[in-house]
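**Q** Protein chains in written order, with this note's numbering: chain A, 1 to 229; chain B, 1 to 257.
Please keep in mind that the hints were generated in silico from the structure rather than gathered at the bench.
Each statement offered as a hint is correct.
With a Cα cut of at most 30 angstroms, we get these calculated DSS-like pairs of lysine-lysine:
#, chain 1, residue 1, chain 2, residue 2
1, A, K217, B, K40
2, B, K106, B, K33
3, B, K40, A, K153
These stretches of chain B come out as covered by chain A in the derived footprint (C-beta under 8 angstroms, 3 or more residues):
#, stretch
4, 53-63
5, 122-135
6, 152-165
7, 231-239
Distance ranges between label pairs, derived from CB positions:
#, chain 1, residue 1, chain 2, residue 2, range
8, A, L23, B, P95, 51 to 61 angstroms
9, B, S74, A, K226, 54 to 64 angstroms
10, A, L81, B, S74, 16 to 26 angstroms
11, B, D22, A, V73, 48 to 58 angstroms
12, B, Q120, A, H93, 20 to 30 angstroms
Predicted model, so just to flag it, every value in this text is computed and none were measured.
Positions of the beta carbon are idealized from the N, C-alpha and C atoms, including for glycine.
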Amino acid sequence: MDGSARAKRQVVIPGDVVETHGLKPGHGTFVEGDTVYASLLGIQAEHEGYVDIIPLGGRYIPQADDEVVGQVVDVGPSHWLIDLNSPYPAPLHATESPWRVEFGETSKFMNVGDACIVRVTTVDETKRVQVTMRDRDLQRLTGGQIVEISHAKVPRVIGKGGSMISMIKSFTHTEGFVGQNGRIWIDGKVDDIMNAVRAIRMIEEYAQSLGLTEAVKAQLEGVYGKQGA
Amino acid sequence: MEDIEHIEKEIQLVDANGRRRDGRRLDELRPIKVEAGVLKRADGSAYVEWGGNRVLAAVYGPREAHPRHLQDPSRALVQCRYNMAPFSVSDRKRPGPDRRSVEISKVVSEAFTAVVFTEQFPRTSVDIFIEVLQADAGTRCAGITAAAVALADAGIPMRDLVASVASGKIAGQVALDLDKEEDNFGDADCPMAVVPRTGEIVLLQMDGHLTESEFDQAMRYSMDAAKRIYEMQKDALRRRYAVTALEAEAAGPGVTA
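Looking at chain A on its own, in the form it has when it is part of the complex (with noise of 0.2 angstroms):
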C-alpha cells in the first residue's frame, strides 16, 4: 500500500470532526448544524463516495443478505430460533428450512445447540431479523469448528475477492465458512484445523497492521512449506 493508504487510516473517537471532503457523511458518521462527526471508535475511511468509520468493535447488527452462521437456541413446533451472535435471535420458520418439515418435528431435523448456514432476508425498524436456509450452500453444519471473531475484522479475514481466505483454506486443506457475524466454520484433520484457527487469531490480533497477507501466509509457510505442499 502507498503512502496516501497510510495516512487515511486514522484513528477517530465519538465526537471527533470527520473531515468529508466534499464526499457524503456515512456509516458511524452524524450530522449536527454543518459538521459531520465519527460516532464511533473506528478508522476513518472513504468508499464509493461516502466517509465512512470503520469500527474497531462493537456487536454484529443484522442485514438483509448476510450469510452467517447461526446457532438454535429454542426449538418450537414450526420453527427454530437462531441465535446469530447479535442481540437479536432470529426464528427461521419450517417453511424456510431446506426439509419437509411436518408439524411438532422440527427437531428431527435440528435441535438446541445445532450449528446451520443461514441468509438474513429482511430486518425491520424494529430490528425483527427473518433468516432462510432456502438456498445452495446454506445448511446444517456437522464436524468441524467454529471459531468467533469480531464482526469488525471479518472483512480482514476473508481478503480482496476473498483471497485471505482462500490461501488458508489451501495450504491447510480445510474446508470452511466465514459468516458476517463473525463466526467462522472450519472443517478438516484436526491439526489442520488447529492451524487455520492460529492464522484467523493472527489476522484478528494483527488486523490494522499492512501487510497482513504475506505475514499471514509466511506464518503457513512455516508449519506447510512452501505453496502446494
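With chain A fixed as given, assemble chain B onto it according to the hints.
**A** Leaving out everything else, chain B in the frame of chain A:
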C-alpha cells in the same frame, strides 16, 4: 461526634498561600490516569486512577434486554450499576446496593442515555458496570469518566464522550476536585458531567450550599477541568489502538512490510 467537631477546628484545608493539603492550587485536579480496554470478557472496559480513587468500568451490549418487559421497541436501554467494593473505604462497606449507590446508578444511566444513539438498537440494553475498588471522594466522577471510555471501547455509537468532575467549597473558597478530607470537612460538593463538545450538562448534583456566584465559579472550574479530562479520555482510547500497531511491528518485518 465530639471528636469530629474537634478535628474540624484543627484541620486547615487551604493554607495562607492558597495551597491545599496535598499542595494543589484551588483550580488543580488530582493526578489522573485513564486506561482503555483492560478487561477481556467485557465488550468494552476502562480503568481510572484519580488521586486515591481506583475505578473499573465494564460495558456489555447492546444485548437482549432482560427481563423482557423492560424492552423498549423503539430504543435501547442504558442501564448502569455503580458498586463499591467492601474494601474500598476504611471501614468495611456492607456489600450490596444501598440508597446511595442506587441513586448514583440512576443518575449515571440517565447521563449516558443522553449521548448514546439508543434508537439504533431497539429492544436491547447497554449495560454499564462501575466498580469502585478504592474510594477517595469523587468516585462517581471517576466512574463516569471510566464508563465513557468503556462505552467507546465497546464500539457503541455516541454523540460524544462524557467527562465528569466535581467542584466544591472548602474553607470558604471554591475549589476543584475535592479529596476525602476536603469533602468531609468542606462546605459543599458539586459533581457534574458534561458533553465536552457541546457543553451540554448531563449530570449535576450538589451536597451543601453555594451562593450563586460561588456556583458560577465552581461551574467555570468544572467546565475547564472537564476539557482536560476529555483529552485524557481520548488519549487513552488512541493509546489502546496504537498498541496493536506497535505489537505488529515488533512481531517481525513481514507484518508491517
